[in-house]
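Colleague: Listed here are the chains, written in short residue letters.
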Amino acid sequence: MKTLITSAIAGIVALAAAHAAEVGKPAPDFSAKDAKGSTVSLSDLKGKVVVLEWNNFGCPFVKKHYGSGNMQKLQETYTGKGVVWLTVNSAATGKEGFLDAAAALSKTSEEKWKGSHYLIDGDGKIGKAYGAKTTPHMFVIDKEGKLVYNGAIDSKATPKADDIASSENYVSAAADAALAGKAVTTAKTEPYGCGVKY
Amino acid sequence: MKLLHALAPLMAASVASAATHSGHAAAELIAASTTYEAAKPVDAAIRITVDPEWHTYWTNPGEGGMKLGIEWQLPEGWKAGEVGWPVPGRFMTGELPGFGYFGEIVLPVTLTPPANATGPAKIGLKVDWLTCNDAACVPGDAALEVALSPGAAAPTPAAPVIAKAKTKVPAPVEGLKLEVKDADKNLVLTLTAPKDVNPAAFSVFQATPQVVDPAAKIQFAKSGDAWTATVAKSEYLSGPAKTLELVLDGGGLPHPATVTWQNK
Chain A
1 MKTLITSAIA GIVALAAAHA AEVGKPAPDF SAKDAKGSTV SLSDLKGKVV
51 VLEWNNFGCP FVKKHYGSGN MQKLQETYTG KGVVWLTVNS AATGKEGFLD
101 AAAALSKTSE EKWKGSHYLI DGDGKIGKAY GAKTTPHMFV IDKEGKLVYN
151 GAIDSKATPK ADDIASSENY VSAAADAALA GKAVTTAKTE PYGCGVKY
Chain B
1001 MKLLHALAPL MAASVASAAT HSGHAAAELI AASTTYEAAK PVDAAIRITV
1051 DPEWHTYWTN PGEGGMKLGI EWQLPEGWKA GEVGWPVPGR FMTGELPGFG
1101 YFGEIVLPVT LTPPANATGP AKIGLKVDWL TCNDAACVPG DAALEVALSP
1151 GAAAPTPAAP VIAKAKTKVP APVEGLKLEV KDADKNLVLT LTAPKDVNPA
1201 AFSVFQATPQ VVDPAAKIQF AKSGDAWTAT VAKSEYLSGP AKTLELVLDG
1251 GGLPHPATVT WQNK
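Chains A and B supply the protein sequences, listed in that same order.
For the first sequence, this note's numbering gives the first residue as 1, with consecutive numbering after it.
For the second sequence, this note's numbering gives the first residue as 1001, with consecutive numbering after it.
Keep in mind that the hints are not guaranteed to be accurate.
When the alpha-carbon atoms are kept at most 30 Å apart in a straight line, the in silico DSS-like pairs for lysine-lysine are as follows [unchecked claim]:
| no. | chain 1 | residue 1 | chain 2 | residue 2 |
| --- | --- | --- | --- | --- |
| 1 | B | Lys1040 | A | Lys156 |
| 2 | A | Lys25 | A | Lys107 |
| 3 | A | Lys128 | B | Lys1217 |
| 4 | A | Lys73 | B | Lys1067 |
| 5 | A | Lys156 | B | Lys1177 |
| 6 | B | Lys1185 | A | Lys125 |
| 7 | A | Lys63 | B | Lys1217 |
| 8 | A | Lys95 | B | Lys1217 |
| 9 | A | Lys48 | A | Lys128 |
| 10 | A | Lys188 | A | Lys48 |
| 11 | A | Lys125 | B | Lys1217 |
Hints listed in this document are in silico derivations from the structure and should not be mistaken for laboratory results.
Put together the whole structure using the sequences plus the hints.
Modeller: So this is what it looks like as structure tokens:
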């Protein structure tokens, strides 16, 4: 009986793991409304490199990258190269950093956000499909729709903006490789930041 | 009560900076003596008091946390030893498993003056931390200082606090030995332990980050002459495990223990 229960639990864990986004495998498809009310579907973005950025403006680790202008600079640089930059907010209603569409519009304008779409994922479906753990947590998808990067924005897991200059930026390295059709050298790292607030 | 409050800063003035509150914790640098003698180590400690309902993190913070940042500003020739970390607790921050502390923690450290040290010495420390609860994370930092003057040892009220904290820092225990074997997505841990302890009753903490899944609870069970536990690997471990340090507590141990395995 004990063995049966143990294997049943192991089965559930394996199933959950198999469904989570895995580097080297097709990125889980999704469809969601952005803050402006347009629907964005990943399957429509084939042929483009896509960056996913988990966001919560209340989190000090997110503030590190927005307060310094680092995130906006990355967004501007890569959307300029044809990358589709999707910022995703999976905070549940009432949790820190939750934004409805109207609040997201005003907050993104205030933060001088430069991404392509700000997606509201209030039920956390996209976040769970990708296994997004923290804000920020970054993913890069190549032109064929394959997940090529899953992890931290950079190499220094601190909330200090002063550390950005001396950090290795994993997202720009992965996006550059994906744009050039090359393999991503660092494809998985441990993300750092606040919890997603599902 | 009012008098005590008024006196406390005066009493502390010569041995420690008053606690600095930032984020959801306060930090203070305390020393066991107001004085030092050349080349003789002085016991000191970083005391962190976390606000109720908030927590801060251990050296292996688990997922999403951050360990304390420590940066010394020492007079010429002075040395600060490794900071000692007490046994942490396990908790969840939302959905993220973590290791760390609630309430007050005292991290002992030894400050050693050089052989030619003379005159007053100002020991400076910049410390930063992350405090979280289920709803939010807030960083904090403090610039701390303690002043020591030359002279024979003059114990401060902090001396017994630091002495007690030193006994709580995990240290090796004779007869404890760890072996680790890769088994697909798991690691099989084999522990050899002295006869008079009971590893099945140990609280076990994975001190090395990114080797064992931080969500995995390590529970040893008797297996022949040794004790074994099978635990999930961290998803961020690439290739076979190379090293693993565990912190063990309880189960009849004389004091909290560390045990380290290195792949040869």
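Colleague: For each hint, tell me whether it holds in the structure or not.
Modeller: These are the hints, each one checked on the structure:
1. A C-alpha spacing of about 36 Å is found between B/Lys1040 and A/Lys156, which places the hinted pair above 30 Å, so the restraint is violated.
2. With a CA separation close to 34 Å, the supplied pair A/Lys25 and A/Lys107 exceeds the 30 Å bound.
3. With a C-alpha separation of about 23 Å, the suggested pair A/Lys128 and B/Lys1217 falls inside the 30 Å cut-off, and the hint holds.
4. Restraint check: the Cα-Cα separation between A/Lys73 and B/Lys1067 comes to about 28 Å, which is no more than 30 Å; the hinted pair holds.
5. Pair hint A/Lys156 plus B/Lys1177 does not hold up; C-alpha atoms about 33 Å apart against a cutoff of 30 Å.
6. Between B/Lys1185 and A/Lys125 the alpha-carbon distance is near 26 Å, which keeps this suggested pair within the 30 Å criterion.
7. A distance of roughly 33 Å separates the Cα atoms of A/Lys63 and B/Lys1217; the hinted pair therefore is violated under the 30 Å criterion.
8. At most 30 Å may separate the alpha-carbon atoms for a hinted pair to count; A/Lys95 and B/Lys1217 meet this at roughly 29 Å.
9. A hinted pair counts as satisfied when its Cα atoms are at most 30 Å apart, and A/Lys48 with A/Lys128 qualifies at roughly 23 Å.
10. Pair hint A/Lys188 plus A/Lys48 holds up; C-alpha atoms about 21 Å apart against a cutoff of 30 Å.
11. For the given pair, A/Lys125 sits about 28 Å from B/Lys1217 by alpha-carbon distance, which is consistent with the 30 Å threshold.
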